[in-house]
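Enquirer: What follows is the residue order along each chain.
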Amino acid sequence: MTEQPGSMTEPLSVPYRERERSVTMEPMGEEHDELLTINIGPHHPATHGVLRLLTTLEGEIVRDVKPIIGYVHTGIEKSCEDQQYWKVIPFVERMDYLSYYFNAMAFCMAVERLLDEEVPERAQWLRVIHLELNRVASHLFWIATGALDIGAITMLWWGCRDRDLALDLFEMSGGQRFHTRYFQVGGVVEDIPPGFEEMTRAFIKTMRTRIPQYLSLLDRNEIWLQRTKGTGIVPMEDLLALGVTGPLLRATGHPWDLRKATPYSGYENFDFKVPVGTVGDNYDRFRVRVEEMLESLKIIEQALDGLPEGPYITPNRKVALPPRHELATSMEALIHHFKLVTEGFRVPPGETYAAIESPRGELGCYVLADGSAKPARVHMRDPSFVNLQALPVMARDHLLADFIACVAMLDPILGGVDR
Amino acid sequence: MPDATGLELIAQRVREKVGDEAVTGTLYYRRHATLDVAPSSVRDVIAYLRDGEDEPWERLMSVHGVDYLPEEPRLGVHYELLSMERADRLNVRTRVGTDEPRVPSVVDLHPTADFQEREVFDMFGVVFDGHPDMRRILMPEDYEGYPQRRDFPMGGEPVIYTFNEPKLPRWYD
Amino acid sequence: MKAQQLLRGELEGEDLEREVEQRLLFTKFEEAQNWARKNALFPLGFGLACCAIEMITVVGSPRNDLSRFGAEVIRFSPRQADLLILSGRVSIKMAPIIRRLYEQMLEPKWVIAMGACSSSAGMFNNYAVVQGADKFLPVDVYVPGCPPRPEALIYGIMKLQDQIMGDPAMGWRERYRAEGTEEVA
Chain A
1 MTEQPGSMTE PLSVPYRERE RSVTMEPMGE EHDELLTINI GPHHPATHGV LRLLTTLEGE
61 IVRDVKPIIG YVHTGIEKSC EDQQYWKVIP FVERMDYLSY YFNAMAFCMA VERLLDEEVP
121 ERAQWLRVIH LELNRVASHL FWIATGALDI GAITMLWWGC RDRDLALDLF EMSGGQRFHT
181 RYFQVGGVVE DIPPGFEEMT RAFIKTMRTR IPQYLSLLDR NEIWLQRTKG TGIVPMEDLL
241 ALGVTGPLLR ATGHPWDLRK ATPYSGYENF DFKVPVGTVG DNYDRFRVRV EEMLESLKII
301 EQALDGLPEG PYITPNRKVA LPPRHELATS MEALIHHFKL VTEGFRVPPG ETYAAIESPR
361 GELGCYVLAD GSAKPARVHM RDPSFVNLQA LPVMARDHLL ADFIACVAML DPILGGVDR
Chain B
1001 MPDATGLELI AQRVREKVGD EAVTGTLYYR RHATLDVAPS SVRDVIAYLR DGEDEPWERL
1061 MSVHGVDYLP EEPRLGVHYE LLSMERADRL NVRTRVGTDE PRVPSVVDLH PTADFQEREV
1121 FDMFGVVFDG HPDMRRILMP EDYEGYPQRR DFPMGGEPVI YTFNEPKLPR WYD
Chain C
2001 MKAQQLLRGE LEGEDLEREV EQRLLFTKFE EAQNWARKNA LFPLGFGLAC CAIEMITVVG
2061 SPRNDLSRFG AEVIRFSPRQ ADLLILSGRV SIKMAPIIRR LYEQMLEPKW VIAMGACSSS
2121 AGMFNNYAVV QGADKFLPVD VYVPGCPPRP EALIYGIMKL QDQIMGDPAM GWRERYRAEG
2181 TEEVA
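Residue numbers (our numbering), protein chains in the order written: chain A, 1 to 419; chain B, 1001 to 1173; chain C, 2001 to 2185.
These are computed hints drawn from the structure, not numbers from a lab. Check before you lean on any hint, since a few could be wrong.
These stretches of chain B come out as covered by chain A in the derived footprint (C-beta under 8 Å, 3 or more residues) [stated by the list, open to error]:
| hint | stretch |
| --- | --- |
| 1 | 1026-1036 |
| 2 | 1082-1092 |
| 3 | 1100-1112 |
| 4 | 1143-1156 |
Quick partial rundown of chain C residues pointing at chain B, CB under 8 Å, derived from the structure [what the hints assert, rightly or not]:
| hint | residue |
| --- | --- |
| 5 | ILE2092 |
| 6 | LYS2093 |
| 7 | ASN2125 |
| 8 | ASN2126 |
| 9 | TYR2127 |
| 10 | GLN2131 |
With the C-beta cut set under 8 Å, the calculated list includes, among others, these residues of chain C facing chain A [claimed, not checked]:
| hint | residue |
| --- | --- |
| 11 | ARG2089 |
| 12 | SER2120 |
| 13 | MET2123 |
| 14 | ALA2128 |
| 15 | PRO2147 |
Don't be surprised by glycine CBs; every beta carbon is placed ideally from N, CA and C.
Generate coordinates for the entire structure from the input sequences, incorporating the hints supplied.
Expert: Given below as structure tokens:
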């Protein structure tokens, strides 16, 4: 390799940086049999959830990694076949457990397409507000745990602190911080309370000062830059062939965003940019997500400014519950309420696939209806499941520490991977 | 989403280029276009749609399985294709029965199908010929049965109410 | 000064009485031990699903802060931890691994089943979820909720601390009639 540092013949003539570069990343040849296969996880501080990685190491360099999943497989898709359509929503929300509104949104979009149901405009804009708030919350948690993995421990406290503010907003509108069951087929379950708009605007203002603080902590930190720049590069064609979407794809420069390409739920009314990277390394993925947070704040502000008046759920009583004050006066409302609660609405037979843009990529929902009140098959095309296939490509010939950074920047959510 | 006439044109082109018996039907429902394909020619159809068409469908977004019980053939495999240039989606569907559940794999055309075909195998029992690593992915390796088939029992425990509480065996007895 | 004299045995009479009243605390050794144990819990960093996010919020968010109760140090190695917070749904593939982790923890150890899914499988009454973690682990505190609020988890930990003050063994073997299931390892 190179000279021994501090040897008698050449004491310090080799400069310090040269000595650091003594180990190359090249494979050491076939006769070198120092390949060590170790098992990272499923219980491990750095895997985001219960992910098991069979890593083949040569020294400190990762040669191959095989993800083994299934440790939190809950059979959600099979359970959904036994429930009425509106009861499926809590099940489906718990798949990708950081972006719960997105799961419910994909399912509701698929069922609304099967029912050929129009969602009123106010409901669409409310949905957009909650989706973008959830995107901000999800990215905050990602930056909190991702930076924790790489070593910037302060980000855990800051990210969780600001995420608590967003969860307060969800609690205001939906009653619960997590898994609020706020989206229903045909709209949202209830209108936003007074004071929500004010608190959201305060949140936006706070975040607009906090995100530059995060950047000043991380973005100008030499250690962070050295760990994320140049690591985990995958060319765009490989990512496209692997079906990867979301911030991972946008970091390589491909501006594919379903909110712009096939707008749904009123996204065409908002003016926002889609941040793309250039190289596709971990630094680009980090910057793309932080910029996405800022763009989401812009969308929320525009939605609050232009929130239209109107019903917050479809007036079709065969699909949505009537408001409670009608139950005392109208017989039909009572009958509709009874039928919906006991049996549920029936969906004519058919199948459809609806896709939205979740914080991790394309989240699609396939629903097969057979005419009864329960779906015959619900399948979620989860972005983390497909993005995980890019991990071996990303991690090849990297040091183990960079491999952990790759996993952190990949942002897998094992609930979605295993379903 | 191509409309109904566009779907018919695609079906016709596929019939010309791949074979007459490849396409078994088309379905257009609520702006969702489905191309029904015979199981043995799935790979050729998807290869043609990726390379041969003037307006190709070059991305595979999702491979998922469905159990159409009680219709026969029972198991269906859906391929969701996407064209990023035209922002257009097409669904290719094939049906196999439980007696001969073999479908050619499209992993070499679209590497994204790797994990997803393993999941269809795990949950439904459809074997993909040509897949490099056909193993269970979500269930334990030695699990028996294909859970998401409709005749597989839901599992779990019976819910205890007051009327059946004395009759159910409790684990501490 | 006075404490020095007390220890050297130089105080007499009224001085001694006053000093002992003000400065000394008499207790049993077990109580002192339990008090130390309950205020210095080392949770195992173990998160399965959505409840893990709430658990990280409890530990990592400045609003609900677990270090007020002494349980701030999260050790990721089971040999160094004594509190296993089972947060999330336990699937059948994961159950033997959790059992192995539990057996690796050293006595005294406690288990909190956080959330509905680990207490009793929650809403997932199906083939893939173990119907409650107490099928293979002795659980001390069940915290309901889906997911439980951070305040609920903190209340659960406080209840556990009360239990520790009472009795570390807490008679779970008698309660579950689990004689004969002592670990041999």
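Enquirer: All hints are to be evaluated individually against the structure, with a verdict given for each.
Expert: These are the hints, each one checked on the structure:
1. Look at the stretch 1026-1036 of chain B against chain A: 5 of its residues bring a Cβ nearer than 8 Å to a Cβ of that chain, three or more, so the hint holds.
2. As drawn, the stretch 1082-1092 of chain B meets chain A at 4 residues by the rule of a beta-carbon pair under 8 Å; at three or more, the given contact holds.
3. Chain A is given as covering the stretch 1100-1112 of chain B, and this holds because 3 residues of the stretch bring a CB closer than 8 Å to a CB of that chain, at least three being needed.
4. Residue count for the stretch 1143-1156 of chain B with a Cβ under 8 Å from a Cβ of chain A: 6. That meets the three needed, and the coverage hint holds.
5. Among the interface hints, the one on ILE2092 of chain C holds; its C-beta lies about 7 Å from the nearest C-beta in chain B, closer than the 8 Å criterion.
6. A cut of 8 Å between beta carbons decides the hint on LYS2093 of chain C: the least distance to chain B is about 5 Å, and the hint holds.
7. Of the supplied interface hints, the one on ASN2125 of chain C holds, with its beta-carbon coming within about 4 Å of a beta-carbon of chain B, less than 8 Å.
8. Given hint, ASN2126 of chain C at the interface with chain B, holds; its Cβ is 5 Å from that chain's nearest Cβ, closer than 8 Å.
9. Hint status for TYR2127 of chain C: holds, given a least beta-carbon distance of 3 Å to chain B, under 8 Å.
10. Hint status for GLN2131 of chain C relative to chain B: holds, with the closest Cβ pair at about 5 Å, below 8 Å.
11. Contact between ARG2089 of chain C and chain A, as hinted, is supported at the beta carbon level, the nearest pair being about 5 Å apart and thus within 8 Å.
12. Because the closest C-beta pair between SER2120 of chain C and chain A is about 14 Å apart, greater than 8 Å, the hint is violated.
13. The interface hint given for MET2123 of chain C is met, as the beta carbon of that residue sits about 7 Å from the closest beta carbon of chain A, less than 8 Å.
14. With its C-beta approaching chain A no nearer than about 4 Å, ALA2128 of chain C sits inside the 8 Å limit, and its interface hint holds.
15. Of the supplied interface hints, the one on PRO2147 of chain C holds, with its beta-carbon coming within about 5 Å of a beta-carbon of chain A, less than 8 Å.
When each numbered hint is compared with the structure, a violation occurs for hint 12 only.
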